[in-house]
Amino acid sequence: MWQIAAAGDRALLVTISSVIEPAVLAQVLSLDRALQERRPHGLISTLTAYGSLLCHYDPAVIERDGLAGEIRAFEGRLDASVPTGSVVAVPVRYDGPDLAEVAAKTNLTTAAVVELHAGREYLVYCVGFAPGFTYCGVLDDRLVLPRRSSPRTRVPAGSVGIAGSQTGIYAVESPGGWNLIGRTDMRLFDPAADPPARFKPGDRLRFVPVT
Amino acid sequence: MIEVVNPGRWTTIQDRGRPGRERFGIPPGGAADWFAAAVANRLVGNHLDAAVLECTAAGPSLRFDSERVVAVTGAHAADIETWVPHVMNRGSTLEVGAIGPGLRTYVAVRGGIDVPIVLGSRSFCQRGAFGGGFGRPLARGDRFAAGAMIDGAPLSNAWPDGHRLSIGSPWEVRVIGGPHADAFDRTALPRLTAVACRVSPELDRMGLRLQTPGVHLQADEILTTPVTGGAVQVTPSGEMIVLLSDHPTTGGYPVIATVITADLPLLAQARPGDTVRFREVDPAEADRAWRRLDGWLQLDM
Numbered sequence: 001m002w003q004i005a006a007a008g009d010r011a012l013l014v015t016i017s018s019v020i021e022p023a024v025l026a027q028v029l030s031l032d033r034a035l036q037e038r039r040p041h042g043l044i045s046t047l048t049a050y051g052s053l054l055c056h057y058d059p060a061v062i063e064r065d066g067l068a069g070e071i072r073a074f075e076g077r078l079d080a081s082v083p084t085g086s087v088v089a090v091p092v093r094y095d096g097p098d099l100a101e102v103a104a105k106t107n108l109t110t111a112a113v114v115e116l117h118a119g120r121e122y123l124v125y126c127v128g129f130a131p132g133f134t135y136c137g138v139l140d141d142r143l144v145l146p147r148r149s150s151p152r153t154r155v156p157a158g159s160v161g162i163a164g165s166q167t168g169i170y171a172v173e174s175p176g177g178w179n180l181i182g183r184t185d186m187r188l189f190d191p192a193a194d195p196p197a198r199f200k201p202g203d204r205l206r207f208v209p210v211t
Numbered sequence: 001m002i003e004v005v006n007p008g009r010w011t012t013i014q015d016r017g018r019p020g021r022e023r024f025g026i027p028p029g030g031a032a033d034w035f036a037a038a039v040a041n042r043l044v045g046n047h048l049d050a051a052v053l054e055c056t057a058a059g060p061s062l063r064f065d066s067e068r069v070v071a072v073t074g075a076h077a078a079d080i081e082t083w084v085p086h087v088m089n090r091g092s093t094l095e096v097g098a099i100g101p102g103l104r105t106y107v108a109v110r111g112g113i114d115v116p117i118v119l120g121s122r123s124f125c126q127r128g129a130f131g132g133g134f135g136r137p138l139a140r141g142d143r144f145a146a147g148a149m150i151d152g153a154p155l156s157n158a159w160p161d162g163h164r165l166s167i168g169s170p171w172e173v174r175v176i177g178g179p180h181a182d183a184f185d186r187t188a189l190p191r192l193t194a195v196a197c198r199v200s201p202e203l204d205r206m207g208l209r210l211q212t213p214g215v216h217l218q219a220d221e222i223l224t225t226p227v228t229g230g231a232v233q234v235t236p237s238g239e240m241i242v243l244l245s246d247h248p249t250t251g252g253y254p255v256i257a258t259v260i261t262a263d264l265p266l267l268a269q270a271r272p273g274d275t276v277r278f279r280e281v282d283p284a285e286a287d288r289a290w291r292r293l294d295g296w297l298q299l300d301m
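Note that the protein sequences, when read in sequence, are chains S and X.
So the first sequence is numbered by the numbering used here: it starts at 1 and just counts up by one.
So the second sequence is numbered by the numbering used here: it starts at 1 and just counts up by one.
Rather than coming from a laboratory, the hints here were simulated on the basis of the structure.
Hints may contain errors.
Claimed, not checked - Examples of chain X residues toward chain S, derived with CB under 8 Å:
1. 129
2. 181
3. 250
Claimed, not checked - Label pairs and their computed distance ranges (CB to CB):
4. 63/S x 78/X: 43 to 51 Å
5. 20/X x 118/S: 34 to 42 Å
6. 168/X x 140/S: 53 to 61 Å
7. 284/X x 209/S: 55 to 63 Å
8. 272/X x 85/S: 45 to 53 Å
9. 20/X x 86/S: 26 to 34 Å
10. 91/S x 143/X: 40 to 48 Å
11. 3/S x 63/X: 52 to 60 Å
12. 81/S x 252/X: 25 to 33 Å
13. 38/S x 160/X: 41 to 49 Å
14. 101/X x 148/S: 38 to 46 Å
15. 74/S x 187/X: 29 to 37 Å
Built from N, CA and C at the ideal position, the CB exists for glycine as well.
Using the sequences and the hints, build the whole thing.
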């Protein structure tokens with residue numbers, strides 16, 4: 001059963017599930033599409049992340065319970081197929097400042113870390129936190145590590161990191177606590193572009209080692 | 001043109017922000033004290049979408065090379081009378097001076113501050129380093145023009161005392177519980193609303209940290225979700241982070257409660273060391289509170 005909870009006086013948070021799974025993301029994206037296509041009166045904008053979706057609404061137009069009811073009406077009626085778009089190649093120089101430490105902590109060689117990281121397709125689960133930041137999953141179990149105990153104050157744009165079961169790409173310079181294993185020259189955020197972010201949830205990508 | 005003689009501590013160009021672009025990871029942005037910014041625009045006869053200056057802690061000095069009506073609102077400013085329109089003569093300099101009580105003061109210029117619109121707004125986005133005319137806070141020597149965002153005549157009198165928010169600690173801030181109420185035990189929000197929270201020195205437009213010596217909140221971990229302005233996040237150490245205009249679009253800390261839209265201006269004015277007390281309300285009270293402020297902004301004066 002979906003959970004629908006108030007996020008203040010102008011937004012509702014719909015939680016479909018709390019696990020990182022393609023089938024869950026598919027449901028979230030399907031609900032997002034349904035709300036765009038049959039937009040309830042008073043719904044202003046939506047935002048997805050992993051297993052949940054936020055709806056900003058105008059309380060002068062629709063009441064919280066009314067909107068919750070309209071959202072609830074989609075439950076069990078969505079055609080939620082796992083996204084199968086084309087796979088975007090992201091060129092990566094695997095020379096990140098944490099690569100050696102990741103190898104040491106995982107009992108792998110740096111070459112094996114690169115091979116495991118570049119050796120599979122990833123699904124984009126979320127674009128958020130900072131402009132264009134792209135959260136992808138999931139990693140090979142052998143690469144699962146906690147975040148760094150003390151975050152860096154400046155992580156350069158294009159940095160590719162791993163944390164938990166996820167891998168992510170910093171699109172703009174920002175603070176960050178992920179283990180940095182490489183860097184891409186691909187521009188993931190451009191305020192002059194439409195859309196400004198290179199990836200969206202549901203996209204697929206693969207990291208390609210370059211020197 | 002208007003020239004920045006002294007930029008002050010942290011002065012940025014802000015309008016009503018760019019909500020709706022969170023799906024690209026872009027914070028909604030816009031004036032942290034949305035009410036004071038709106039009143040500044042009303043005082044000079046601007047459209048409420050016009051860009052203003054948001055000045056923090058110490059205000060700027062601005063030189064005008066042609067006559068302009070301006071207004072300064074929000075927190076108290078040492079060197080200029082606030083909440084009333086002023087005529088700046090050609091060649092004169094507007095000095096805002098030290099700011100406080102309160103943290104943020106808004107300067108509106110008749111016509112609005114005319115810098116390029118980036119992704120739907122003139123607001124400076126710090127995290128993305130774009131917008132706000134210069135992609136950074138104002139610096140000495142910056143020059144910008146006033147625009148054509150005019151919606152009527154400037155007001156002839158001061159903004160009425162009775163139609164302002166009172167500025168000063170302790171701040172009483174109303175919240176709606178959740179959205180992650182299930183991550184906490186039932187007593188968590190009542191315990192939080194029973195104590196005084198202290199504003200820590202780490203504070204910016206993304207959010208402010210609160211310490212609650214009298215209560216330690218614990219929560220289950222959550223999977224990262226989208227977040228909104230006003231979200232009261234609880235970190236694993238039990239500290240709280242309340243999100244403001246430039247907040248990250250998603251967050252992995254559970255949100256115990258969310259500040260109502262009408263009281264976000266109060267949080268935007270809280271200074272390090274100030275006291276914040278939360279009070280839980282229902283959506284009907286949140287709605288009444290918002291209508292009250294919106295009604296003030298709509299009044300014919």
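Each hint tested on the structure:
Look at residue 129/X: its Cβ gets to within about 7 Å of chain S, closer than 8 Å, so that hint holds up. A hinted interface residue such as residue 181/X counts as satisfied when its beta carbon comes closer than 8 Å to some beta carbon of chain S; here the least separation is about 7 Å, so the hint holds. Hint on residue 250/X holds. Least Cβ distance to chain S is approximately 3 Å, under the 8 Å limit. Hint check: residue 63/S to residue 78/X, Cβ distance near 45 Å, so the stated range 43 to 51 Å holds.
Taking the beta carbon of each, residue 20/X and residue 118/S are about 36 Å apart, inside 34 to 42 Å as hinted. Taken as a hint, the range 53 to 61 Å holds for the pair residue 168/X and residue 140/S, whose Cβ atoms sit roughly 55 Å apart. Taking the beta carbon of each, residue 284/X and residue 209/S are about 58 Å apart, inside 55 to 63 Å as hinted. Taking the beta carbon of each, residue 272/X and residue 85/S are about 47 Å apart, inside 45 to 53 Å as hinted.
Remark: the range hint 26 to 34 Å for residue 20/X to residue 86/S is upheld by a beta-carbon distance near 27 Å. Between residue 91/S and residue 143/X, the C-beta spacing of about 41 Å keeps the proposed range 40 to 48 Å intact. Under the hint 52 to 60 Å, the C-beta atoms of residue 3/S and residue 63/X, about 55 Å apart, fit the expected range. A beta carbon spacing of about 28 Å between residue 81/S and residue 252/X agrees with the range 25 to 33 Å that was offered as a hint.
For the pair residue 38/S and residue 160/X, the supplied restraint of 41 to 49 Å holds, since their beta-carbon distance comes to about 45 Å. The given range of 38 to 46 Å is respected by residue 101/X and residue 148/S, whose C-beta atoms sit roughly 39 Å from each other. Distance hint check for residue 74/S and residue 187/X: the Cβ-Cβ separation is about 34 Å, which falls inside the suggested range of 29 to 37 Å.
When the structure is compared with the earlier hints, no violation turns up for any of them.
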